[in-house]
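Engineer: Sequence:
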Amino acid sequence: MTRTVPATMAAVQLTGHGGLEKLVYSTDVKVPAPAAGEVLVKVSACGMNNTDVWVRQGAYGTEENAGAVSTWRRQGNTLTFPRIQGTDTVGTIVAVGDGVPASRIGERVMVDFSIYNRDDDSLADIDYMGHGRDGGYAEYQALPAENAHVVDTELSNVELATFCCAYLTGEQMLERAALR
Numbered sequence: 001m002t003r004t005v006p007a008t009m010a011a012v013q014l015t016g017h018g019g020l021e022k023l024v025y026s027t028d029v030k031v032p033a034p035a036a037g038e039v040l041v042k043v044s045a046c047g048m049n050n051t052d053v054w055v056r057q058g059a060y061g062t063e064e065n066a067g068a069v070s071t072w073r074r075q076g077n078t079l080t081f082p083r084i085q086g087t088d089t090v091g092t093i094v095a096v097g098d099g100v101p102a103s104r105i106g107e108r109v110m111v112d113f114s115i116y117n118r119d120d121d122s123l124a125d126i127d128y129m130g131h132g133r134d135g136g137y138a139e140y141q142a143l144p145a146e147n148a149h150v151v152d153t154e155l156s157n158v159e160l161a162t163f164c165c166a167y168l169t170g171e172q173m174l175e176r177a178a179l180r
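Residue numbers for the sequence shown follow the numbering used here, beginning at 1 and rising by one.
Keep in mind the hints are simulated off the structure, nothing from the lab.
Glycine included, each C-beta is placed from N, C-alpha and C at the ideal position.
One thing to keep in mind: the hints can contain errors.
With beta-carbon atoms standing in for the labels, derived distance ranges [unchecked claim]:
id	residue 1	residue 2	range
1	T80	D28	42 to 48 Å
2	G16	E159	29 to 35 Å
3	A177	T27	20 to 26 Å
4	G16	I126	19 to 25 Å
5	S26	N50	23 to 29 Å
6	T8	G97	30 to 36 Å
7	L23	A166	19 to 25 Å
Work out the full structure: start from the sequences and follow the hints.
Structural biologist: Listed below in structure tokens is the structure:
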């Protein structure tokens, strides 16, 4: 079940490592279809994260240095071009894939940007939206339903889009410090 979704969308695509010239705005990018277990989110806001800048610049590895790994995944690099970046996404679910209740359509959600490796015993082996799969610098983003968290707040979508990565940084600092 879906709301009306166009065939194409506007998006900013990263076409390779380098400067701002590697970010290309296009209006004819195919809207992704949600696979089984996924949702399609109409993006309302997407924050910019320092990781987006570092990946574009090649801080995590480049084509010229095949030994460098542009990811935290132990299996190796998951970054391919073109890639739609954007980790900090807020929007509304407009379509669902098989196995996801149609009742989720219309939910206002904040996206957990982590891509968990469910084939590994360690959830520490992760990747993230905008790197291992397309992110929110587009009108639509397909993602696992488990990554779309309902939000009920008076905060605007723009305000919420500043929380996605920032909260995780704080949470991890508290966890590593073992504060109770």
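Engineer: Would you list, in rising numerical order, the hints stated earlier that this structure does not obey?
Structural biologist: 1, 3, 6
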